[in-house]
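Residue numbers (our numbering), protein chains in the order written: chain A, 1 to 314; chain B, 1001 to 1106.
It should be emphasised that the hints constitute simulated quantities derived from the structure, not laboratory data. We treat Cβ as the ideally placed atom computed from N, Cα and C, and that holds for glycine. A hint or two may mislead.
Stated by the list, open to error - Calculated pairs, SDA-like style, for lysine to any residue (alpha carbon to alpha carbon, straight line, at most 20 Å):
no., chain 1, residue 1, chain 2, residue 2
1, B, Lys1023, A, Leu48
2, B, Lys1023, B, Asn1084
3, A, Lys314, B, Arg1071
4, A, Lys47, B, Ser1072
5, A, Lys47, B, Gln1052
6, B, Lys1023, B, Leu1097
7, A, Lys47, A, Ala302
8, A, Lys47, A, Gly64
9, B, Lys1023, B, Val1105
10, A, Lys314, B, His1076
11, B, Lys1023, A, Val304
12, A, Lys314, B, Glu1056
13, B, Lys1023, B, Gln1052
14, A, Lys314, B, Arg1018
15, A, Lys47, B, Gln1054
16, A, Lys47, B, Thr1100
17, B, Lys1023, A, Val311
18, A, Lys314, B, Glu1074
19, A, Lys47, B, Val1083
20, A, Lys47, B, Leu1097
21, B, Lys1023, A, Pro309
22, A, Lys314, A, Gln54
23, A, Lys314, B, Glu1050
24, A, Lys47, B, Arg1018
25, A, Lys314, B, Asp1106
26, A, Lys314, B, Cys1017
27, A, Lys314, B, Ser1026
28, A, Lys314, B, Leu1097
29, B, Lys1023, A, Leu306
Claimed, not checked - Just so you have them, the derived chain B footprint on chain A, three or more residues with Cβ under 8 Å:
no., stretch
30, 49 to 56
31, 296 to 309
What the hints assert, rightly or not - Across the chosen pairs, the derived CB separations fall in these ranges:
no., chain 1, residue 1, chain 2, residue 2, range
32, A, Glu131, B, Met1001, 52 to 62 Å
33, A, Leu93, B, Ala1077, 25 to 35 Å
34, B, Glu1056, A, Gly78, 36 to 46 Å
35, B, Leu1097, A, Arg91, 56 to 66 Å
36, A, Phe65, B, Glu1070, 26 to 36 Å
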Amino acid sequence: MRLWDLMESPVQNVRALRRRTSILAGIHIVLTTASIALLALLVLRLKLLVTLAQRSNVETLLIGFFVAFVLVLLVTTGPATVGAVTLVALRLLEADRRQRWIQQHRVETRRGRRTLALLNLWVTGPEGTIEVALEDGFGRLGTLRVRGVELQLEGAPDGLGGPLFELATATLGEVAARDPHGSPLDIILWANVDRSEAEAYQSQVRAFERLAGVLETDPLWPTARLDAEGLARLRAVLAEAMPSLRETVVMPDIDYAAEFSIPLVPEPLAFVQIHRSESRADPVASLGCATVMVLAALIAAAWVVLFPPWVPGK
Amino acid sequence: MRGRLACLAIALVALGCRGPRPKVVSSTHRAAPGGGSVIEVVIENTGGGEGQVQVEATLRAAHGPLVRAERSLELHAHERVLVNLPLEVAADGSYRLEVTARYPVD
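Next up, chain A with everything else stripped away, as it sits in the complex (with noise of 0.2 Å):
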């Protein structure tokens, strides 16, 4: 349970973001090492694991299927595990040398197109449409703006998105008001992990907006809104939350849906299962099972080489 609360949210405030950005940090280099050495031990002891296998019923191709499982891992955290290294690194520097840096070679050189996402509820706020540009004494990171269920980022670098909505949902969450018995203010879509569900989506609720515009009712949709009381207290936690949302810059992630698959018939008869899918897993909890998993692997290869098990001999 605790995991999927991690891969559903794990920003809720500013010291949520501090805390995720300095574990992501930990899991990028841990995965990175975990999966050298792991490489490694696969390589330099292969004959050894070969044998094991062949005189044992293990297939020999699951050392193969190892090996490429690392190899990705480590093609496709590279960047970030780059990035991980650079920010402990820039941690030894002083703040304000630090966000500087950042601003100068990992924003401005990395802004990317329009990021969205999108809400269970329709947003208004004071003025109807909610923009806040997302800026400090060392430069903008992007614009921030609440359109009814869409959440977009604008002329902001990859890898803020995800971290910047979940906690910009949260602080709407806490300071709008939602309609009677309505849902709590949610993320349901990510446009860059399901765009096609996310088009969807899109074009129902627009649907909705222009049947009540013939009604001339209020909105059909279910609504938050907030006064500028609440759009002051957004624009607060942002503001504060700047250094932090610069940092997560620094490693850009691929975003991923998850599953997860339990077989209650085991495996090859695998007839009942039981799935729960998320539309995107924070990378904290999808590469925190990938460092689980690999260290497992690591230590499991490395018992094996250390204390080889009984197998039949010739």
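Given the coordinates of chain A, assemble chain B onto it according to the supplied hints.
Chain B alone, transformed into the frame defined by chain A:
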């Protein structure tokens, strides 16, 4: 509590599935009574596991080809076994002896 029991179960399974840890205690190359020579190797299993190990003896000469003999044998927990490897070459001191014991057998 359940976690500790699971760790204990895994440890017991791991202990029950151990292979041998062969170690060469001593090795000598001497002349055989009927001609040729014999390499005597004492192998010890320093672990509590068991399994088939391979003993490989190599005689290296300063000039000329090397001579090699090998044998597989079953080692039980903490056993010490004497292995004789007969060879056709003379034990005239012109060879340097190297003995290794390997597990698992290739």
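- Message: Would the hint linking lysine 314 (chain A) and leucine 1097 (chain B) be met if the CA-CA limit is 20 Å?
- Response: Answer violated: lysine 314 (chain A) to leucine 1097 (chain B) is near 26 Å, above 20 Å.
- Task: Below or equal to 20 Å on CA atoms is what counts here, so check lysine 1023 (chain B) against glutamine 1052 (chain B).
- Result: holds, 13 Å
- Is the hinted range of 56 to 66 Å satisfied by the C-beta distance from leucine 1097 (chain B) to arginine 91 (chain A)? holds, 58 Å
- Query: Has the given pair, lysine 1023 (chain B) with leucine 306 (chain A), been kept, meaning a C-alpha gap of at most 20 Å?
  - Reply: Given that 20 Å is the threshold and the Cα spacing comes to 14 Å, the pair holds.
- Item | Cβ contact check, 8 Å cutoff: the stretch 296 to 309 of chain A against chain B, three residues minimum | holds (count 4)
- Task: Given the hint that lysine 314 (chain A) pairs with serine 1026 (chain B), test it: the Cα-Cα distance must not exceed 20 Å.
- Result: violated, 25 Å
- Message: Against the 20 Å threshold, does the CA-CA distance of lysine 314 (chain A) and glutamate 1056 (chain B) hold or violate the hint?
- Response: holds, 16 Å
- Message: Would the hint linking lysine 47 (chain A) and glutamine 1052 (chain B) be met if the CA-CA limit is 20 Å?
- Response: Roughly 17 Å separates the two Cα atoms, so the pair holds.
- Message: What's the verdict on lysine 1023 (chain B) and valine 311 (chain A), does the C-alpha distance respect the 20 Å limit or exceed it?
- Response: Holds - the C-alpha atoms of valine 311 (chain A) and lysine 1023 (chain B) are around 18 Å apart, at most 20 Å.
- Query: Under the criterion that the straight-line Cα-Cα distance not exceed 20 Å, is the pair lysine 47 (chain A), arginine 1018 (chain B) satisfied?
  - Reply: holds, 19 Å
- Starting from lysine 1023 (chain B), check that the Cα of leucine 48 (chain A) is at most 20 Å away, please. holds, 17 Å
- Query: Taking 20 Å as the top limit, are the C-alpha atoms of lysine 47 (chain A) and alanine 302 (chain A) close enough?
  - Reply: At roughly 14 Å apart (the allowed maximum being 20 Å), alanine 302 (chain A) and lysine 47 (chain A) satisfy the hint.
Violated hints, listed in ascending order, are 19, 20, 27, 28 and 33; each of the other numbered hints is respected by the structure.
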